[in-house]
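Each chain is listed here by its residues.
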Amino acid sequence: MVQFFKRSLVGVLAISLVGCATTYPKDFLKLSESHLQNRQLQMRQYDTQNEAEIISACAGVLQDLGFTLDDSESELGLVVASKDRDATDAGQVAIATMSVILSALGGASSNAFEKIDKTQKIRASIVSNPSLDSGKTVVRVTFQRIIWNARGDVSRMETLKDVELYQGFFERLSKSIFLEAHKI
Amino acid sequence: MKTSACRMLILSVVTLSSFTLFGCVSSKQQLLATNESQVQIRSIQTRAFDTTDKKKMLRTVISTLQDLDFVIDRADLMIGTVTGSKFTANTLLKLSVTVRPREKTQLLVRANAQYGLKAIEDPEPYQDFFGALEKAIFLTAHQVD
Numbered sequence: 011m012v013q014f015f016k017r018s019l020v021g022v023l024a025i026s027l028v029g030c031a032t033t034y035p036k037d038f039l040k041l042s043e044s045h046l047q048n049r050q051l052q053m054r055q056y057d058t059q060n061e062a063e064i065i066s067a068c069a070g071v072l073q074d075l076g077f078t079l080d081d082s083e084s085e086l087g088l089v090v091a092s093k094d095r096d097a098t099d100a101g102q103v104a105i106a107t108m109s110v111i112l113s114a115l116g117g118a119s120s121n122a123f124e125k126i127d128k129t130q131k132i133r134a135s136i137v138s139n140p141s142l143d144s145g146k147t148v149v150r151v152t153f154q155r156i157i158w159n160a161r162g163d164v165s166r167m168e169t170l171k172d173v174e175l176y177q178g179f180f181e182r183l184s185k186s187i188f189l190e191a192h193k194i
Numbered sequence: 009m010k011t012s013a014c015r016m017l018i019l020s021v022v023t024l025s026s027f028t029l030f031g032c033v034s035s036k037q038q039l040l041a042t043n044e045s046q047v048q049i050r051s052i053q054t055r056a057f058d059t060t061d062k063k064k065m066l067r068t069v070i071s072t073l074q075d076l077d078f079v080i081d082r083a084d085l086m087i088g089t090v091t092g093s094k095f096t097a098n099t100l101l102k103l104s105v106t107v108r109p110r111e112k113t114q115l116l117v118r119a120n121a122q123y124g125l126k127a128i129e130d131p132e133p134y135q136d137f138f139g140a141l142e143k144a145i146f147l148t149a150h151q152v153d
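Here the protein sequences line up with chains A and B, keeping their order. Counted the way my numbering counts, the first sequence spans residues 11 to 194. Counted the way my numbering counts, the second sequence spans residues 9 to 153.
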């Protein structure tokens with residue numbers, strides 16, 4: 011018993027000594043080697059000088075996708091938007107179900123369902139810039155999302171880098187620019 | 009004897025735990041808390057650039073933040089501000105940048121970052137940021153005294 015408390019005391023002392031000091035990676039504002047690759051993924055060039063037209067077409071695509079617009083600054087070619095959606099993953103539900111059944115068979119209870127992803131907030135930020143090639147405009151979009159589990163805790167925060175997401179977005183943007191040019 | 013030793017240990021564990029749980033300072037003090045002096049923080053976070061094109065500087069700040077994997081949260085040309093956020097190791101990192109004129113020939117660019125619940129007051133991350141910004145705008149970032 012005394013031995014146990016001695017150990018606890020050492021543990022608590024260690025935590026006390028570490029205290030409020032938290033560490034962080036020192037290189038978080040350093041350019042990564044993949045930043046040029048990311049540019050290719052996130053940027054497209056359009057044959058127009060009319061930035062306002064491009065930005066409003068971007069806002070149109072975001073609305074098509076169910077985003078609500080959070081902020082915009084036309085002078086800097088910026089639109090920011092977000093949407094809250096379901097994040098339930100069939101695979102996670104299946105694993106949680108298995109875990110609950112196995113626990114019940116073993117006579118224990120499981121909180122596996124509390125840990126499965128439940129809701130997510132997806133954020134999009136679009137920036138347009140005049141291209142170095144004259145007469146063209148460059149659009150760069152970035153997506154990130156925060157996922158909460160069924161208990162309401164943040165389970166994951168990530169920047170989305172999937173090629174198909176960006177391709178899908180830019181396909182829709184091309185369509186949106188066409189539709190708006192024809193006042194549709 | 010054994011019981012009293014045991015009691016003392018329990019008491020110590022409880023006391024120490026409460027110190028750990030309730031942090032180092034009163035949580036209200038966080039409002040004005042900094043580790044460095046005002047002058048030092050400004051010098052770490054600020055650089056001067058030999059240009060007066062505020063709009064171009066803000067656009068370059070935005071594209072530098074995007075290169076650094078940030079999503080831009082908001083920007084304002086008139087006030088000269090840009091705020092972005094990114095996630096590293098499941099932690100939210102926020103950075104805001106302000107751009108304002110200095111004399112008639114320069115712009116002052118100041119960045120401040122927050123990693124999770126911590127203000128970033130070390131010079132290295134800001135050196136990295138201004139290094140990336142210098143490359144993007146093809147100008148030298150001057151240390152401000």
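Hints were generated in silico from the structure; no laboratory data involved. We treat Cβ as the ideally placed atom computed from N, Cα and C, and that holds for glycine. Take the hints with a grain of salt, since some may be wrong.
[Unchecked claim] Here's a subset of chain B near chain A, in silico, CB distances under 10 Å, partners left out:
id, residue
1, Leu39
2, Leu40
3, Leu66
4, Asp75
5, Asp81
6, Val90
7, Ser93
8, Thr99
9, Tyr123
10, Lys143
11, Leu147
12, Ala149
[Stated by the list, open to error] A few chain A residues that don't get close to chain B, going by computed Cβ distances all over 10 Å:
id, residue
13, Asp37
14, Glu83
15, Gly87
16, Leu112
17, Gln154
18, Ser184
[Stated by the list, open to error] Simulated crosslink set (EDC-like; lysine to aspartate or glutamate; CA at most 16 Å straight-line):
id, chain 1, residue 1, chain 2, residue 2
19, B, Lys143, A, Glu43
20, A, Lys131, B, Asp81
21, A, Lys40, B, Asp75
22, A, Lys36, B, Asp58
23, A, Lys40, B, Asp130
24, B, Lys62, A, Asp143
25, A, Lys40, B, Asp136
26, B, Lys102, A, Glu168
27, B, Lys64, A, Glu61
28, A, Lys36, B, Glu132
29, A, Lys125, A, Asp99
30, A, Lys171, B, Asp75
31, A, Lys185, A, Glu63
32, A, Lys131, A, Glu61
33, B, Lys143, B, Asp81
34, B, Lys63, A, Glu85
Quick rundown of the hints versus the structure:
no., hint, verdict
1, Leu39, "violated (16 Å)"
2, Leu40, "violated (16 Å)"
3, Leu66, "holds (6 Å)"
4, Asp75, "holds (5 Å)"
5, Asp81, "holds (6 Å)"
6, Val90, "holds (8 Å)"
7, Ser93, "holds (8 Å)"
8, Thr99, "holds (8 Å)"
9, Tyr123, "holds (4 Å)"
10, Lys143, "holds (8 Å)"
11, Leu147, "violated (17 Å)"
12, Ala149, "violated (13 Å)"
13, Asp37, "violated (7 Å)"
14, Glu83, "violated (5 Å)"
15, Gly87, "violated (7 Å)"
16, Leu112, "holds (28 Å)"
17, Gln154, "violated (5 Å)"
18, Ser184, "holds (21 Å)"
19, B/Lys143 with A/Glu43, "holds (15 Å)"
20, A/Lys131 with B/Asp81, "holds (14 Å)"
21, A/Lys40 with B/Asp75, "holds (10 Å)"
22, A/Lys36 with B/Asp58, "violated (28 Å)"
23, A/Lys40 with B/Asp130, "holds (14 Å)"
24, B/Lys62 with A/Asp143, "violated (22 Å)"
25, A/Lys40 with B/Asp136, "holds (5 Å)"
26, B/Lys102 with A/Glu168, "holds (14 Å)"
27, B/Lys64 with A/Glu61, "holds (15 Å)"
28, A/Lys36 with B/Glu132, "holds (7 Å)"
29, A/Lys125 with A/Asp99, "holds (12 Å)"
30, A/Lys171 with B/Asp75, "holds (13 Å)"
31, A/Lys185 with A/Glu63, "holds (13 Å)"
32, A/Lys131 with A/Glu61, "violated (28 Å)"
33, B/Lys143 with B/Asp81, "violated (23 Å)"
34, B/Lys63 with A/Glu85, "holds (8 Å)"
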